[in-house]
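As a plain string of letters, each chain reads:
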Amino acid sequence: MSATMEPVSAAIIVDVDESDRRAHAYRFFAALLGRELVAGDVAILAGVPVAPGPDDPPCPSGAAAEFSHALGDIVAALPDRVDGEALGALAAEYAHLFLGAGQAPAVPPYESAYRGETRLYGTAAAEMRSLLHRWGLAAPRDMGPEDHIAVELTLMGVLAAREAASSDQRALNARLLNWIPEYADRVKASARLPFYPAVAAALVAFLRADQAHLPN
Amino acid sequence: MDQRPDDVSREDFLKTVGALSLVGAGFVPATQVVANAAVSSGPRTITSASHFGLFQATVANGAITHVAPHPSDPHAPEMLPGLADLVYSPSRVKYPMVRRGFLKSGHLSDTAERGHGDFVRVSWDEALSLVASEIKRVKKTYSNSALYAGSYGWQSAGQMHNAFTLLHRFYNGIGGYVGDIGDYSTAAAQRILPHAVGSLAVYEQQTAWPVVLKNTKLIVLWGADLIQNNKIDWVVPDHYVYEVLPRLKASGIRVVSINPFRTDTDVYLNAEHIAIRPCTDVAVMLAMAHVLYTEKLHDQKFLDTYTVGFDKFKAYLLGETDGQPKTPAWAERISGVPAHLIAQLARDMARSRTMIMAGWATQRQDHGEQPPWMLVTLASMLGQIGLPGGGFGFSYHSSCGGAPASSGPVLGGIPNQLTVKSSAGKTLWRGNAAHAIPISRMADMLLNPGKTIDYDGHKIVFPDIKMLYWAGGNHVGHHQELNRLIRALHRPETIVVHEVFWTPTARFADIVLPITSSLERNDIASIGLFSNMGFVAMKQAIAPLFEARSDFAVFSDLARRLGFEHEFTEGRGEIDWLRYLYETARKAARKQVEMPNFDTFWKRGIVQFPASVQGASYVTYADFRADPGSNPLSTPSGRIEIYSTTIARFGYADCPGHPSWIEPDEWLGGAAAHKYPLALISPHPKYRLHSQLDNTSLQMSKNKVAGRAPIWMNPKDARARGLANGDVVRVFNGRGEALAGVVITDRVSPGVARMEEGTWYDPLKGGVIGALDKEGNPNTLCLDKGTSRLAQGPTVNSTLVEVRKYVGVPPAVTAYSAPTM
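Those protein sequence lines, which keep their order, are chains A and B. Residues 1 to 216 (our numbering) are what the first sequence spells out, left to right. Residues 1 to 821 (our numbering) are what the second sequence spells out, left to right.
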C-alpha cells in the first residue's frame with residue numbers, strides 16, 4: 001500500500017534556504033496536500049510537540065507564529081493510534097477528497113476548478129507553467145497540471161527561500177488566497193476525518209497571516 | 001498519540017521536514033523537462049482520428065489547446081471538439097487504485113462495498129502484482145472457467161490499442177477465459193438473420209447510396225435515424241451519408257418513417273411519419289403482408305424461386321393456424337397505426353421500387369428476433385431483393401452503410417489468439433461450464449452459476465465466475481436493470497477494470513488501472529467501416545497524463561509477471577506493431593492499390609483509397625438473384641428461409657419456425673400498463689457514443705435538462721401530470737427510479753417516453769440496490785430478460801414506466817467526481 005510507494009519526487013533541485021521558516025511552512029503544506037501520508041511522515045508529525053519546550057526559542061510573530069498554531073491543530077487532528085489501519089483510512093480519505101475516487105463530491109485540488117474551468121491543463125495550469133518557467137522550474141509530470149495546490153504552494157516556498165521580490169510573493173499569495181479558502185470549505189464539507197479539514201483550515205490561516213506579513 | 005518522542009523540539013522538527021519523505025511537488029529545472037519530453041515542444045498541429053471523425057489537435061507546451069475537425073471532413077459532428085474535454089477530464093483515473101477493503105482482505109473482502117467502498121492509491125508495481133496473483137489464484141483454485149473476460153464495449157478507433165482484443169490475447173496466453181457472444185446493439189438480429197438470410201446482415205455493406213438515389217422511389221425507414229446515428233463509426237467515420245442527405249432531400253424520393261418518435265432525419269427530410277406504439281412493429285409488418293397477399297400484390301415468383309416456407313407462414317398470416325387473420329384492423333388495435341395507412345403503405349411499397357432501411361431498436365425488445373425476420377419476409381413478398389435500390393438494409397443508419405467501398409485492403413489489428421506452450425498457458429476447465437455466454441445474460445450468469453439456458457439450439461451452462469476483468473467498456477450503464485446487475489456484481493471475488501475515467505463501472509471495481517486516452521499513444525485506424533476510404537495515423541499528441549499506461553503496456557507487464565511477455569508482445573513495441581499492421585495490409589493490397597511504405601505513410605499521416613466502380617454500383621443480393629444455384633445463401637436451403645426447419649426443431653415457444661407476433665412481457669397493450677402507463681424507449685444518444693463523452697462540457701450545455709438526462713414526453717402526457725419544460729421528474733417502475741429533465745414535444749407519441757441511453761449511472765447512495773439514479777440512465781428501469789431462447793438478446797425497448805414531478809430540491813449530479821461550482 002501507500003507506505004511502499006515512492007514519494008512524489010525523489011529529488012528536489014531547488015536552492016531552498018533550509019532555515020527559512022516561511023519556505024518550510026509552504027513546503028510543509030505542499031507535502032501534506034500533494035499526496036497521501038506515508039508511515040514516516042506520520043511518525044514525524046506525531047513527534048511534533050504540541051506546546052513549545054523549555055529549550056525552544058520564544059514564539060515568533062507573524063506568519064511563523066500562525067504556522068506554529070497550525071502545527072498544533074494539525075497534530076491534534078491526527079488519529080489517536082497511528083497504525084496501518086489509520087494510515088489506510090487517511091490514504092482513503094485523500095483519495096476520496098482529492099483523487100476523484102470513491103464517493104463524490106470530490107474536492108478538486110486544482111485552481112482551475114475554482115475559476116470555472118471544466119478541463120484540467122487549462123488557463124490556470126498554463127499560467128502556472130509560465131510562472132514556474134520564469135523561475136527556471138518545472139513540475140514533475142506525474143503531479144499532473146501545474147495549478148495543483150501542492151505545486152502552487154511549493155513555488156511559494158521557493159520564492160520565500162529565494163527571498164524573491166515582495167511584489168512577486170504578494171502576487172502569488174493573492175493567487176493562492178483567491179481559491180484556497182473555497183477549497184478549504186469544500187474539504188470541510190466533504191471530509192469524514194478531522195485531519196484534512198485541519199490542514200486546509202491551518203493553511204488558510206497561514207496564508208492570511210503571511211499576506212499581512214508581506215511588505216507592500 | 002502513542003509514538004511521540006519527547007526529545008524533539010519544534011525547531012528541530014522544522015529543520016528536518018524538508019529532508020524527509022514529506023515532499024511536495026519536487027521541482028526540476030525547466031530545461032531538464034523540455035529536454036526529456038519530445039512531445040512538449042512548441043505549437044504544432046497533429047492529425048488524428050476518433051469514432052467521431054478525423055481531427056486536428058493543436059498542441060502547445062505539451063498540452064492540447066484545441067481539437068477541430070479535419071479539413072477533409074466537412075460533416076464532423078458537433079461533439080468532436082469534446083475530445084479535448086475528454087483528455088483533460090477532471091474525472092480521469094490518475095493513479096492505480098485499489099478498494100481499501102480489497103487491499104486489506106483480498107478476495108475475502110466484503111463485496112457489497114463495491115460502488116461505495118473507499119479506494120487508496122498504490123504503485124503500479126503493487127497493483128500489477130496484485131492482479132497477477134489474483135489471476136493465478138483463481139485459475140489454480142477454480143480453473144480458467146472462473147475467469148470472465150468478455151469485457152464488452154466499443155473498440156478503440158485505432159487497431160492496435162484495442163482494449164478487449166488485448167485482454168483476450170492476454171487471457172488466451174494463460175489458457176483461456178469465459179467470453180461473450182453477440183452484443184447489446186444487434187443480438188437478436190445477428191442470431192435470427194443467419195437463419196433467415198445466411199449471414200449477420202447487420203454489419204454488412206448495403207446497396208450503395210448512388211444506386212439508391214438513382215433507382216429507389218420509396219424509402220421506408222423502420223426505426224432508423226440516419227442523421228443521429230451515423231455521426232459515429234465502429235472505426236473512423238467517413239460521414240458519407242451527410243453528403244447524400246441533401247441529394248436525397250432534393251431527389252423527390254418519397255420517405256416514410258415508422259417510429260414512435262419523429263427523428264432528426266424525419267424532420268430534415270420532412271418524411272411522412274407513421275407513429276407506432278413501441279414493440280408492435282411485427283404486427284404492422286404482418287398486416288402489410290396480409291394486404292399484399294390478399295390483394296395479390298405479392299411477388300409469388302420471387303417467393304417460389306428465392307425463398308422457402310412461405311406456405312407455412314401464409315397459413316399463420318391468414319389465421320388458419322391460430323384463428324386470427326393478421327389484418328390491418330387487427331394490427332391497428334395493437335400498434336395504434338390506422339389500418340388504412342398500413343394498407344396504403346403496403347400497396348405503395350409493392351408498386352414502387354422500395355428500400356426498407358431498418359434500424360436496430362426494433363430488435364432491442366422482447367422477442368426481438370421477430371421484427372428483422374418479418375422485415376425480410378415482407379421484403380421477400382415485395383420481390384425486390386437483389387434489384388438496384390430495392391429490398392432491405394440493416395446498416396444504413398450505422399457506420400454509414402451504403403457508402404461506396406474502395407478496393408483498399410483491410411487493416412488488421414493485434415490478433416486476439418495466442419498460444420503459450422509453457423505451463424502458464426495450460427487450460428484448466430471445470431465441468432461443462434460454457435466458454436462464452438450471450439453478453440446480455442451477464443448478470444444472470446453471475447447470479448446463477450450452474451444454471452442451464454437455451455441459446456440458438458444449444459444448451460449453455462453458466463460458469464461460476466470468481467474474477468471479472470474489464471478493459472474498455474462500461475457495463476454499469478449499458479447493461480439492463482442496473483439494480484439487478486449491482487446485486488450480480490456482489491458475486492465475484494475480484495473485479496479488475498482498466499479505465500481512463502472514473503466511470504460507474506470503475507467505481508464498482510476492486511482494482512482500477514489508469515489507462516491512456518488515444519491522444520496519449522500512437523495508433524493506426526481505417527476510415528469508414530464499409531467504405532474503407534483510407535488509413536490514418538493516430539499520432540501521440542501529448543505524454544500520458546499522471547501515471548496512465550496503455551492497455552498494451554499493462555498486459556505486456558502482466559504477461560511478464562506470468563512468464564509469457566515475449567509471446568504476448570512477439571518482441572514488438574508500439575511502433576513496431578503499427579509498422580507490422582500497416583505493412584501486412586500493404587502487402588495484401590499490392591495488386592489493387594498503390595500504397596506508400598510505412599515511414600512515408602507515418603510522415604504524411606494519411607493514405608486514401610478512392611471508391612471503386614464496383615463499390616459505387618454495389619447491390620446487395622444481386623448475385624443471389626442472378627443465379628441462386630451458383631450463389632446460394634448460407635442458409636440450410638441456400639434460400640431465404642421464411643420458415644426455418646432448424647428453428648422449428650428447437651421447439652421454442654418464444655421463437656417458433658416462422659415470423660410471428662408474440663405479445664411482449666411489457667408493452668402498452670399489456671396488463672402492467674395500468675400501473676406504468678408510459679413506454680420507455682432508449683435510443684442511441686445524439687451527442688455521445690453510448691456513454692462516451694457524457695463527462696464533457698458539451699453534454700452539459702446541449703444534452704442535459706436541469707443537469708440531467710432529458711426525457712421527451714408528449715404534451716398530452718405532460719399535461720396529465722402537471723409537468724412543464726425543464727421540470728425534474730422521477731421516472732420509475734418496479735425495478736428502479738431515475739431523475740430526468742422534461743422536454744415536452746409532439747415529436748414523441750402519446751404514451752411514449754424517450755430517454756437516450758448512455759447517461760452515466762449516478763446513484764444517490766453508491767452501491768445500494770434500488771438507489772435513486774440522480775442523472776437518469778434508462779437502464780435503471782429496463783428489464784433484464786433475454787429476447788427469446790434463440791438469441792437471448794437485450795430487451796431494453798420493452799419497458800414501462802410512470803413519471804412524476806420531483807418534489808423538493810433535487811440532489812446534485814455527482815457522476816463526474818468534480819461537480820460544477
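Quick caveat, the hints were computed from the structure, so don't treat them as lab data. Some hints could be false.
Some chain B residues flagged as far from chain A (calculated, every beta-carbon gap over 10 Å) [as the list claims (entries may be wrong)]:
| id | residue |
| --- | --- |
| 1 | 89 |
| 2 | 90 |
| 3 | 104 |
| 4 | 198 |
| 5 | 436 |
| 6 | 459 |
Some but not every residue of chain B turned toward chain A, in silico, with C-beta under 8 Å [as the list claims (entries may be wrong)]:
| id | residue |
| --- | --- |
| 7 | 63 |
| 8 | 85 |
| 9 | 94 |
| 10 | 95 |
| 11 | 100 |
| 12 | 118 |
| 13 | 152 |
| 14 | 155 |
| 15 | 429 |
| 16 | 546 |
| 17 | 701 |
| 18 | 717 |
| 19 | 764 |
| 20 | 768 |
| 21 | 769 |
Just so it is clear, CB atoms sit at the ideal spot from N, CA and C, and this is done for glycine as well.
Each hint, compared with the structure:
1. Some Cβ of chain A comes within 10 Å of the Cβ of residue 89 of chain B; the nearest lies about 7 Å off, and the non-interface call is violated.
2. Consistency note on residue 90 of chain B: stated as away from chain A, yet its beta-carbon is not over 10 Å from all of that chain's, at 6 Å minimum.
3. A beta-carbon of chain A comes within 10 Å of the beta-carbon of residue 104 of chain B; the shortest separation is about 7 Å.
4. No Cβ of chain A comes within 10 Å of the Cβ of residue 198 of chain B; the nearest lies about 49 Å off, and the non-interface call holds.
5. Residue 436 of chain B, annotated as away from the interface, keeps every beta carbon of chain A farther than 10 Å; the closest lies near 32 Å.
6. Its beta-carbon lying about 42 Å from the closest one in chain A, residue 459 of chain B satisfies the requirement of being farther than 10 Å from that chain.
7. Using the Cβ-Cβ criterion of 8 Å, the hint placing residue 63 of chain B at the interface with chain A is satisfied: the shortest such distance is roughly 5 Å.
8. Here the hint on residue 85 of chain B is kept, as its CB sits about 6 Å from the closest CB of chain A, short of 8 Å.
9. Hint status for residue 94 of chain B: holds, given a least beta-carbon distance of 6 Å to chain A, under 8 Å.
10. Annotation: residue 95 of chain B was flagged as interfacial toward chain A, and the flag holds, the nearest CB pair being 7 Å apart, inside 8 Å.
11. Annotation: interface hint on residue 100 of chain B holds; nearest CB of chain A at approximately 5 Å, less than 8 Å.
12. Of the supplied interface hints, the one on residue 118 of chain B holds, with its beta-carbon coming within about 3 Å of a beta-carbon of chain A, less than 8 Å.
13. Because the beta carbon of residue 152 of chain B sits about 24 Å from the nearest beta carbon in chain A, more than 8 Å, this interface hint is broken.
14. For residue 155 of chain B, the interface hint is violated, the least distance from its beta-carbon to any beta-carbon of chain A being 26 Å, above 8 Å.
15. Given hint, residue 429 of chain B at the interface with chain A, is violated; its Cβ is 35 Å from that chain's nearest Cβ, farther than 8 Å.
16. Taking 8 Å as the C-beta cut-off, the interface hint given for residue 546 of chain B holds, the closest approach to chain A being about 5 Å.
17. For residue 701 of chain B, the interface hint is violated, the least distance from its beta-carbon to any beta-carbon of chain A being 10 Å, above 8 Å.
18. With a least beta-carbon distance of about 32 Å to chain A, the hint placing residue 717 of chain B at the interface is violated under the 8 Å criterion.
19. With a cut of 8 Å, the hint placing residue 764 of chain B at the interface with chain A is violated, because the nearest CB-to-CB distance is about 11 Å.
20. Nearest Cβ of chain A to the Cβ of residue 768 of chain B: about 11 Å, over the 8 Å cut. The hint is violated.
21. At a threshold of 8 Å, the smallest CB-CB gap from residue 769 of chain B to chain A is about 16 Å, leaving the interface hint violated.
Of the hints listed earlier, those the structure fails to meet are numbers 1, 2, 3, 13, 14, 15, 17, 18, 19, 20 and 21, in rising order.
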